[in-house]
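2 protein chains.
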Amino acid sequence: METNTANSTRPAVVLLSGGLDSATTLAVCRHEGFAPYALSFRYGQRHEVELSAARAVADAIGVERHVVTEIDLRLFGGSALTADMDVPHRRRVSSDDSGIPVTYVPARNTIFLSFALAWAETLGTSDIFIGVNALDYSGYPDCRPEYIESFERMADLATKAGVEGRQRIRIHAPLIDLSKAEIIRLGMSLGVDYALTHSCYDPDVAGRACGTCDSCLLRAKGFAEAGWVDPLSRPA
Amino acid sequence: METNTANSTRPAVVLLSGGLDSATTLAVCRHEGFAPYALSFRYGQRHEVELSAARAVADAIGVERHVVTEIDLRLFGGSALTADMDVPHRRRVSSDDSGIPVTYVPARNTIFLSFALAWAETLGTSDIFIGVNALDYSGYPDCRPEYIESFERMADLATKAGVEGRQRIRIHAPLIDLSKAEIIRLGMSLGVDYALTHSCYDPDVAGRACGTCDSCLLRAKGFAEAGWVDPLSRPA
Numbered sequence: 000m001e002t003n004t005a006n007s008t009r010p011a012v013v014l015l016s017g018g019l020d021s022a023t024t025l026a027v028c029r030h031e032g033f034a035p036y037a038l039s040f041r042y043g044q045r046h047e048v049e050l051s052a053a054r055a056v057a058d059a060i061g062v063e064r065h066v067v068t069e070i071d072l073r074l075f076g077g078s079a080l081t082a083d084m085d086v087p088h089r090r091r092v093s094s095d096d097s098g099i100p101v102t103y104v105p106a107r108n109t110i111f112l113s114f115a116l117a118w119a120e121t122l123g124t125s126d127i128f129i130g131v132n133a134l135d136y137s138g139y140p141d142c143r144p145e146y147i148e149s150f151e152r153m154a155d156l157a158t159k160a161g162v163e164g165r166q167r168i169r170i171h172a173p174l175i176d177l178s179k180a181e182i183i184r185l186g187m188s189l190g191v192d193y194a195l196t197h198s199c200y201d202p203d204v205a206g207r208a209c210g211t212c213d214s215c216l217l218r219a220k221g222f223a224e225a226g227w228v229d230p231l232s233r234p235a
Numbered sequence: 000m001e002t003n004t005a006n007s008t009r010p011a012v013v014l015l016s017g018g019l020d021s022a023t024t025l026a027v028c029r030h031e032g033f034a035p036y037a038l039s040f041r042y043g044q045r046h047e048v049e050l051s052a053a054r055a056v057a058d059a060i061g062v063e064r065h066v067v068t069e070i071d072l073r074l075f076g077g078s079a080l081t082a083d084m085d086v087p088h089r090r091r092v093s094s095d096d097s098g099i100p101v102t103y104v105p106a107r108n109t110i111f112l113s114f115a116l117a118w119a120e121t122l123g124t125s126d127i128f129i130g131v132n133a134l135d136y137s138g139y140p141d142c143r144p145e146y147i148e149s150f151e152r153m154a155d156l157a158t159k160a161g162v163e164g165r166q167r168i169r170i171h172a173p174l175i176d177l178s179k180a181e182i183i184r185l186g187m188s189l190g191v192d193y194a195l196t197h198s199c200y201d202p203d204v205a206g207r208a209c210g211t212c213d214s215c216l217l218r219a220k221g222f223a224e225a226g227w228v229d230p231l232s233r234p235a
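If you're matching them up, the sequences are chains A and B in order.
Be aware that the first sequence starts at 0, since it is given in numbering that gives the first Met the number 0, and climbs by one per residue.
Be aware that the second sequence starts at 0, since it is given in numbering that gives the first Met the number 0, and climbs by one per residue.
Where hints are given, some of them may not hold.
[To be verified] Some, not all, of what chain B presents toward chain A, calculated at C-beta under 7 Å:
| hint | residue |
| --- | --- |
| 1 | T68 |
| 2 | D71 |
| 3 | S113 |
| 4 | W118 |
| 5 | S149 |
| 6 | A180 |
| 7 | R184 |
I should point out that these hints are in silico values taken from the structure, not numbers from a laboratory.
Ideal Cβ placement from N, Cα and C applies to all residues, glycine included.
Work out the full structure: start from the sequences and follow the hints.
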């Protein structure tokens, strides 16, 4: 992968779930010449397969360091991804009339970005990458540009560097305006191996994608529109 | 303790460290008639005595539920309270020229408030209490009113209720403009038993306060100005 070296000595914290979007985001971060520090969470999600994918993606793309930290969002419940609720299949289902689905995890991106902020501050850097996407997305409030901008403003007031005016926190969300097909084309151009990624909300015991949850449906649509075959859909 | 029942069916999440400020904040939350849900963190702090104090304070003042959740801020380092650095004694010491001391934990209040936000959203409430204080404080950036207001704005954009315009997140910081002496007088008027609280950054192996760290000095000054004897300073 060709790498722009303009930022090569500058660390950036990258939130890495092991999914298609965060893998592409890590590749963009590397391509822009940052030294990536990848951060993943074990947060009561149902499947360790996500973290295995995150490790494989970090190894393949290359990072300075990969930290997996454990947080317990199950204490609070409130989501099909962390509590004892069923993940919906073959349809876009909301928990209520808001259009926000039951797979939404309360304040998840705020918690993830807060940890990234702590690490960035310790590393002495102001750059954080997150693979949120406001277009072909699941309707979560914390995936929208106005949320990201608001987090940046808060972070400037929360940190030493921001208070001193030395540097402003920058939350890079390079996928925010892209369709899933555009994300896949971007990742392909940067050499991302999507066979290593994991998107399914409800895999079987062997870790295989269900093909019918919201996340699988978005992924399939993205690959179809991009004109690529999803490597995960090929027979092994 | 007299309790205003106007909010009595309304849950509020209260960040509870077991220190003097958070104990007073919990008492204010109860006094205002909220049903408190107390949230404490085991975050790689040096001393379990803080969490024992949090439990004792929660029991004494009364809460609907007390959750202690573990997060590992040691992964990132960067503070005398979580990393292998010395806590300064008998002087206000900064880590650099910024006036922000080495006991500052990067992004700590942002992480704590993010978890509180997740719980508040799950409880269907918009009220969060935090005992930050911008006057007799240790010079941390995330204790200032402009930081708290900025977190509120971000939280409105991060949550279902905020997006739907159903309710705005409110971060209550009832101590923010008070001196330490005023905090102590307020707590005394609400019946807080400060013998249960713990403030020291660097207690001995038996959990006794050092009396000379920044936090102990602020506490001693506060009790002296309030005209009370600190119950922790009395011989057992």
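Verification of the supplied hints:
Satisfaction of the interface hint for T68/B is found here, the shortest Cβ-Cβ separation to chain A being roughly 5 Å, below the 7 Å cut-off. The restraint placing D71/B at the interface with chain A holds, with a minimum CB-CB distance near 5 Å, inside the 7 Å limit. At about 4 Å, the closest approach between the beta carbon of S113/B and any beta carbon in chain A falls short of 7 Å, and the interface hint on this residue holds. For W118/B, the interface hint holds, since its Cβ comes within 7 Å of a Cβ in chain A; the closest pair sits about 5 Å apart.
The beta carbon of S149/B is positioned within 7 Å of a beta carbon in chain A (closest approach about 4 Å), and the interface hint is therefore held. For the restraint placing A180/B at the interface with chain A, the shortest Cβ-Cβ distance is roughly 26 Å, beyond the 7 Å limit, so the hint is violated. At its closest, the beta carbon of R184/B sits 29 Å from a beta carbon of chain A; the interface hint therefore is violated under the 7 Å criterion.
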